[in-house]
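Here the protein sequences line up with chains Y and H, keeping their order.
Here the first sequence stands for residues 16 to 381, where the numbers follow the working numbering.
Here the second sequence stands for residues 879 to 1276, where the numbers follow the working numbering.
A few of these clues could be false.
[Stated by the list, open to error] Covered by chain H, per the in silico footprint, the following chain Y stretches (three or more residues, Cβ under 8 Å):
#1 98-109
#2 152-164
#3 186-197
#4 289-298
By construction, these hints were calculated from the structure, which means they are not laboratory data.
Glycine included, C-beta positions come from ideal geometry on N, C-alpha and C.
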Amino acid sequence: MNLVVEKSDFQRIISAVSSAVSNKTTMPILSNILMEAKKGQLRCAATDLEVGLDCRVPATVEEEGGIALPAKKISEIVRELPNAPVKIELDGGVAKVTCDKTHFTLSGMSTEDFPPMPNFPEKESFKIEQTILKNLIEKTRIAVSTEELRYALNGIYFHSLDNELRMVSTDGRRLAMMKLMIESGINEKMSIIIPTKAIGQLNSILEGEEEIHIAVKNSQVFFKTEQFTLSSRLIDGQFPNYEQVIPPQRDKKIVLDTGRFLQALRRVSILASEKNNMVKLSIDEGRMTISASTPELGEATDEMDVIYSGEPLQVAYNVRYVIDVLKNMDAEETLLEFNQPLAPGVFRPADSQNYINVIMPMKINQ
Amino acid sequence: MEPLRWIVHIDMDAFFVAVEQRENPSLKGKCVIVGGAKGKRGVVCSASYEARKFGIKAGMAISEASRKCPQGIFIPASGSFYSKASHLIMDIFHEYSPLVEQVSVDEAFLDLSGTERLFGPPVETARTIQQRIQDELQLSCSVGIASTKLLAKIASDLRKPHGFVLIPHGKEWEFLTPLPIKVLWGVGEKTEETITQLGIHTVGQLASLSRETLASLFGKSGDHLYALAQGQDHRQVTPYTPPKSFGHETTFEKDQSDPEVLSSTLLLLCEKVAWRMRKQPAKGKTITLKIRYPDFSTYTFSHSLSEYIDQSGPLFEAVQTLWDKHYQKGRPIRLLGVSVANLAQESEQLTLFPQANEKETRLVKAVDDLNDKFQGKAVSRASLKLSPKKKPGTLYKD
């Protein structure tokens, strides 16, 4: 192997791939980054056997070949290199890294020891614009459960119905769902749970309007662009029947100014009880009072105009959940809908049914 | 000036043994040890005064007790029996003051301040209580009466059994100074050792040390020691403090490595803990598994759930996860324990997928009702019905 790569390209690819390196592993090879020079490209890959990431950048390849280098050291080296083209050549099992007047030699392992990265199944794929996928992820990852025991909830559920793709997450107390129409049809009905770690990695490398190809095969999901291929094992579990917890009819409707509501919640949450984070919403004709209190410490209230007509209502939520939702609400107006104060509350953009958040209320002990 | 406080501490004398002796008078005057059958595992819960002469103490291993006192009569503890007697005792206390703080099954503080008009001088009231317990329940207790909880507790312990010790107001200091430091609440073996190394043996000597000296030696608890040594103890008699955790543990009769027995023991422990939580009622979210191996090395592992629970299903699931993760497979075990902490009276947060839970909740409620009706013997899990040889261990509360 003998190649020259731009420092910025090299740094970007190494930092992306190192996020996939296994932190705690009993297999030494997995703490390495695989590097391969081939056909005018430098390819770097890492895997923890759950999630694998394979990235490519253009390079001047003088001699093809490859090596696996310790991820931690190569990352540190790249970070400190001067701003100049980087030359990497192999001498037996040792990589020589030269950049301007700086030289490193680093011992590596054979590429044959590296677990083979699965190939992207082209036939099974469909595509979405990267920025759209990123938006979908950011809007739905808020409700993912972090509780290990409920492993089926430790990821985002991708569910396709005809030409509609739905991404859903829930932790058992709230649920986030985003819908998207797909033009190029998904061949079969998709019903997969993608683990949190893969979602995080995917989100950090998505950028631009270029399309990303998505495919599912053999309990694995694949995301592919010109620059990278990410593969992840799927969560082997049953995602709960989310549709049944989204009430189809909601007769109480309150229209709220998203920015103003978020501001009020942030203020009032300062004095929300640390134990339960409860915030109370007292809704009356055209007006809403937002309040929170911590016994023996103090209380906070804020008031705002809303569009609502009907009997006075009082409902309580975990303030964090509502803030999470509003931060991701791109609409100026948010619609809060429910049938009664102890029933699921639906938060959505006033002008769209495509982003739905369900938050279970809290009981107010008078 | 603060009004005079009259705090009474009442401690039953060898309570479990006394209850056994009352039921079976032939045991009177003998070395009786409650806690487990001879030759079996377990610890001493209570020993008669005759047995104590042989050095038998509560908490001692039964095996050690039977070595020290071979003629001892060993009786397995029957908890429900003692708690019935305990209820009757507490009922008597409650006739005299609303401020009764039950410390354990056989011990309580009463605040008799301000009861003079109703019952006459508190010292007389305390004597009446002691007499009534003797007459009505044929049980003996020791009584301490003083201006603070600390002094009342020291006093009740001074002339056991059947003691009655009054520390008159104004004589607290006189009473406290010659006593060894270990009488102070919070002074355990370690603290005692540190203080003794300074050449200090009595409370009076300790009281001569400055607050700063004690703080530098013991940090925060130095302050607390300083106050106690000065005879200050502002703790109130608080009628009821809700529990901070619920736990059960069991010592196996023989070190146990049979996975079936271990698993069903864990399930039984979970059932017991969950049942008590529902009785309270309380829910909790931090689950702790305790494992003790035959060499007495003891480990605890905890996991916090995102929801508050009071049912054995999710509790057992969490315990099992901890178990699978941490148990050194195949290794024999001496003791297992399960506890739940981080309690809330009721979870205010409603959940999205209640359908399955609701069914389970109704089932658990029905089982609880049946067990209430038939003293806990009506319904249990089939998986707890092992062959007689594979009985899960006997249970002791925390």
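Hints, verified against the model:
no.	hint	verdict
1	98-109	violated (count 0)
2	152-164	holds (count 5)
3	186-197	holds (count 5)
4	289-298	holds (count 3)
Taken one by one, the earlier hints fail for this structure only at number 1.
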